[in-house]
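Assemble chains Y, W and P onto chain C, guided by the hints.
4 protein chains.
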Amino acid sequence: MDEPIFDIAHLGHVELLTDKPDESLDFFTRVLGLSESGREGESVFLRAFDDYEFHTLKLTAAPTTGMRHVGYRATSPQALARRVAAIEAMGCGLGWSDGDLGHGPAYRFHDPDGHVFEIYYETRRYVPPPEEKPALKNQAQRVPNRVIAPRRLDHLNLLATDVAAIRDFVPKALGSRVTEQIVLDDGTVGGCWFTVNNKSYDVAYTRDATGARGRFHHVTYAVDQREHILQAADVFLENGVHIETGPHKHAVQQTFFLYVWEPAGNRVELANAGARLILAPDWQTVTWTQTERMKGQAWGLKTIESFHTHGTPPA
Amino acid sequence: MDEPIFDIAHLGHVELLTDKPDESLDFFTRVLGLSESGREGESVFLRAFDDYEFHTLKLTAAPTTGMRHVGYRATSPQALARRVAAIEAMGCGLGWSDGDLGHGPAYRFHDPDGHVFEIYYETRRYVPPPEEKPALKNQAQRVPNRVIAPRRLDHLNLLATDVAAIRDFVPKALGSRVTEQIVLDDGTVGGCWFTVNNKSYDVAYTRDATGARGRFHHVTYAVDQREHILQAADVFLENGVHIETGPHKHAVQQTFFLYVWEPAGNRVELANAGARLILAPDWQTVTWTQTERMKGQAWGLKTIESFHTHGTPPA
Amino acid sequence: MDEPIFDIAHLGHVELLTDKPDESLDFFTRVLGLSESGREGESVFLRAFDDYEFHTLKLTAAPTTGMRHVGYRATSPQALARRVAAIEAMGCGLGWSDGDLGHGPAYRFHDPDGHVFEIYYETRRYVPPPEEKPALKNQAQRVPNRVIAPRRLDHLNLLATDVAAIRDFVPKALGSRVTEQIVLDDGTVGGCWFTVNNKSYDVAYTRDATGARGRFHHVTYAVDQREHILQAADVFLENGVHIETGPHKHAVQQTFFLYVWEPAGNRVELANAGARLILAPDWQTVTWTQTERMKGQAWGLKTIESFHTHGTPPA
Amino acid sequence: MDEPIFDIAHLGHVELLTDKPDESLDFFTRVLGLSESGREGESVFLRAFDDYEFHTLKLTAAPTTGMRHVGYRATSPQALARRVAAIEAMGCGLGWSDGDLGHGPAYRFHDPDGHVFEIYYETRRYVPPPEEKPALKNQAQRVPNRVIAPRRLDHLNLLATDVAAIRDFVPKALGSRVTEQIVLDDGTVGGCWFTVNNKSYDVAYTRDATGARGRFHHVTYAVDQREHILQAADVFLENGVHIETGPHKHAVQQTFFLYVWEPAGNRVELANAGARLILAPDWQTVTWTQTERMKGQAWGLKTIESFHTHGTPPA
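Chains as they are written, first to last, in our numbering: chain C, 1 to 315; chain Y, 1 to 315; chain W, 1 to 315; chain P, 1 to 315.
Looking at chain C on its own, in the form it has when it is part of the complex (with noise of 0.2 angstroms):
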């Protein structure tokens, strides 16, 4: 039996591209409640409040919107070797990068749908300026004090038009496990969530039902408890953000969620997954029928009709 594989650590960053630059930072920073650690060229580095590193989001002004890369940091120097070494043998691999102002050298290689990642060792950790510096020492940062305060990234998720093809490449790419997956009575592959660690999952990918490639469907950072999610959608409300759906239960990994738009179309979710963890090092893939599906959501919310279309850049 293979043993399993602890190279990559844990999602890192997403970059994010957006054609109103000065209306999604204030939606990622005043109303999302992210803080900005530095500027570089289009880009604006922006993190949650326990992110222990320099940033999880890169914001790129963009003539269009939609995901630029996507970020794993690896367990140690020899796993991120012993990962290129495997990418580079898959034919995927796009060379290294020399990284920017949040991580070392990276590497950098394409999924089938195009989409780009890189995983790297060497990174930056978040040092807090005095203003900043929590009342806790266990705490990166300060608790902002805004109603969203969301404590880390938590994960993402792309459209692809073969996500059948993503479930083979993932694990062999990323040593990631698939723990839940939705198979169509045709046996295509509707939605595939994956993990490196024991969060349930760090990047699901769901199928792109207009044929378009390397689109994005949506960033999710993580709050502590349901109701501040509750709390969330009021402050949308307030500011006139819009909310696409939810609050509601996933059936599908359970967890408690709440999506909307920022301004430039990209969307953003807000999710809280309880005390949910994958603990089992050989748990067994949960597979969703589409039977099982057309229920909808846990407690009977029909999935909205726009997350089967709406992705950025728009198809």
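None of these hints come from the bench; they were simulated from the model. Where hints are given, some of them may not hold.
For chains that are exact copies, the list does not tell them apart, and a pair is met inside one copy or across any two.
In silico PhoX-like cross-links for lysine-lysine, where the CA-CA straight-line distance does not exceed 25 angstroms [stated by the list, open to error]: (1) K137 to K302; (2) K295 to K133; (3) K133 to K302; (4) K137 to K295.
Frame of chain C, contents of chains Y, W and P only:
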């Protein structure tokens, strides 16, 4: 640089002794919301609704109280073999046991304070009978219709005369990381928190002021939300359970907690960690000073005196 | 300026009919967490743990479903006499009844849509048997050890063909205030919320699109926290209860809600109003337009179609 | 049987004195989440986001701390006249004032311990400027985007040398009911809770152990959920606010509470009462004995010593 060790997947179970077996069982099932999955000899096997294994608590009738052993599950057979070799080399091995109702062969060893550990890979997954089948298939069992219904085993806390020795021992034996510790003004280690995975800790050790060896401090089950702990406090109150301290938030590890004593005197905690996880593969141990600890818990609650003296069995 | 009327203290009880008495009783006790305080004839008397009266729900076996009557308690014998005189003058009185297990003499009348009301002063306080004595003496009964354990009866909702007529009637009969209302573009009243005390409403009326008369929409029990409603949703899911809509927050009255159907088809709501109260003695009715209502609930959930059509008995 | 009195609608406002006006104002706005609605002379007028009146807290710079006066709103002009007549007959009247920025003419009187009360009917409703217009029109103001954002003023607590005298006085003056009280073994009244409406209390008195007269114990704002109080504790911690005790649940009145001291030393509470209301028009006073009170708060927290000694101004 040495790579981190990923040989142990998670804390598996704790065997607690009780000299009031009927009352203890009533507490753990009717009040604390655990379910019985089997019995053998003097032991009843219990679990929380989303524990994937057959049991996480083995409750054994005995002339005394305290912990008989704690079990950890390895990430693979190969990983188990590596740990056994390492532990044998450390000279603290006790040899193999056949396992019990809940798991296969286990290798036993003792820590420097005399607590017995076992590590195993082969396990028995809980298979719910029809009336316990959950509505959502990604969950081990139905949610019990009780106010207190913890999701899973979280961690345990042991007392030791020499916590510094333990701080050296546990990472070597299990591959754990030290996430937080208390170092007193005289240089002695007052407490130490360890993890083998992304949880902030799965075992903690604190100094036994009585000088006794091998004693048990508490076992903790995790609930999904802090509000569930507030509700639990009412249930304990209505059922005449001794509430020792809480609900409040720990400064160390920031866990929201509530401590009670089950009828035989073993301490039990309910806890919620919010979305806090240890994701950094190179997490830097947080060290609390004596002065910092004298501030009490996060919001100022003073540590109750019995917390330093009450362990099982009585000293 | 006329003074406000304080003759009616609060909503007292609702008598619901069920053609599936065993299943309905199982739902209201085992699932919804009400307690039985007595039986008489075809009726079982039920209450929430902090309802101070003998019952707040009278569940009566019958060939059909719906509401047989609703009871309000007066603030004094004198106040009761004033209301009776006023109602008799309005020409809708039905005369006195002897009361039942739960209260003394009651004066009955009907609203313009044919629903039967009664008002009474003499009541029977719930006296807990020893095993139901609460730990805190300022509470009527122990908190049941069930996930769903509402604190008290909150309000009911009735269907009516002419809500404008109701809007005139209820304040005259009970001394209620109209706290909120929906006025459609054609000038008809789509819904109306009334209160006799500081609660934001104790009865609401909405238009019966079917043209039937005297129908029942739902009865609501209040829980202490919004999180309790999220937990309740899981219990309903695990027990196969039809969840109609929610959890979500109403725009009207801002109540956090969850609607289910009990086995016989009567709609039941769990709700939490937070700290919202109507304290102003001269509260100004809030009027919602058709356009505003088309935005859906507070966070955008569209009102489910069955909410407009499903009432009991079936039309 | 005398009818209950409904002449007073609700607690209206509290005027607090501070000898650190800038720091106190910063606390009440930036930390506690109140909004400023006006200034006059040495006073700043503050309110919670769903307080319907112009102000509920009048913060006045002064050489000392404590409460200058408390205001209650009558249910009608006629009711106000009845109360004034009753109070004048009691011999404790102080005469009419012209009111201030927030309300019209008020009749002033003092309680037996020297605290100054006023009652008024004419009030000034808060009218939000455009940027404070709430998304939901049944709310006074937008929810502030701060972690702590109480919904409304809840109650106050005053110290008195002779609480038994107060217990006689308040119902006569305001028409209040005594919902709970503490009667010590020597027959003296240790504490007394009063309400004029369905809230479980709007003013409480506890014995001033120092023998001083006319002192202030605390003012309380209500938040919607208990979880909001847990979040508030973190904000107080991060902002260096002195947390005196809590969060915990009171045995008396069952309120979930958190006490802090604002910079000038006045005690402030955040509280949540869940769905608990006093609906019975003939509520029977709950009397706690000395023995019962020695058990501490609901879940066992001992009452902190400063709670018995710290009042403002200092004794």
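Which numbered hints fail: Of the numbered hints given earlier, the structure breaks none, since each of them holds.
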